[in-house]
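Undergrad: Given the sequences, and given the hints that come with them, work out the whole structure.
In terms of my numbering, the sequence shown is residues 3 to 120.
It should be emphasised that the hints constitute simulated quantities derived from the structure, not laboratory data. Just so it is clear, the structure is predicted and the values come from calculations on it, not from any experiment. Some hints here could point you the wrong way.
To be verified - Taking lysine-lysine pairs in the BS3-like style, the calculated list, with each CA pair at most 30 Å apart, reads: (1) LYS76 x LYS57; (2) LYS32 x LYS57; (3) LYS7 x LYS76.
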Amino acid sequence: MVITKDAELAEAARRGFHPEDEMLAFEDWKEALNASGDADLVFVDLVATLRESHKIAGYEEFARGKMDHPLAAKIPLVLIAPPPDYELDFLSGWPGFVFGHVQRPIDYRAFRRASTWV
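TA: This is how it looks when you write it as structure tokens:
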């Protein structure tokens, strides 16, 4: 499962996963969490969680929502970092929340590798 508003990133994920794997892409993280029941991994594009550009509060809301969600809480999270030149007002973290971290630029090969993590 991939949460992103970036069409190129979603396409890279589709190309990266093996054909026998089901890959779902969502723009809305709340919708994604509700559909996460059978997911092995959740990839989240940090920028897609922001309500206001460059303000981390949207990501914090996503994190709390995922941790409290009855289905999604136990699914490992892979965080897709913002572009290197993207500035955030702050970045918070919770111990054990992020299973993996992927830097941009990202292409299908990163998703192919990550699909072997579980």
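Undergrad: Does the structure keep LYS7 and LYS76 at a Cα separation of 30 Å or less?
TA: It holds: about 24 Å lies between the C-alpha atoms, which stays within 30 Å.
Undergrad: Does the alpha-carbon distance linking LYS76 and LYS57 stay inside the 30 Å limit?
TA: Distance ~26 Å between LYS76 and LYS57 Cα, so the pair holds.
Undergrad: Does the alpha-carbon distance linking LYS32 and LYS57 stay inside the 30 Å limit?
TA: holds, 19 Å
Consistency with the previously given hints is maintained throughout, with no hint failing.
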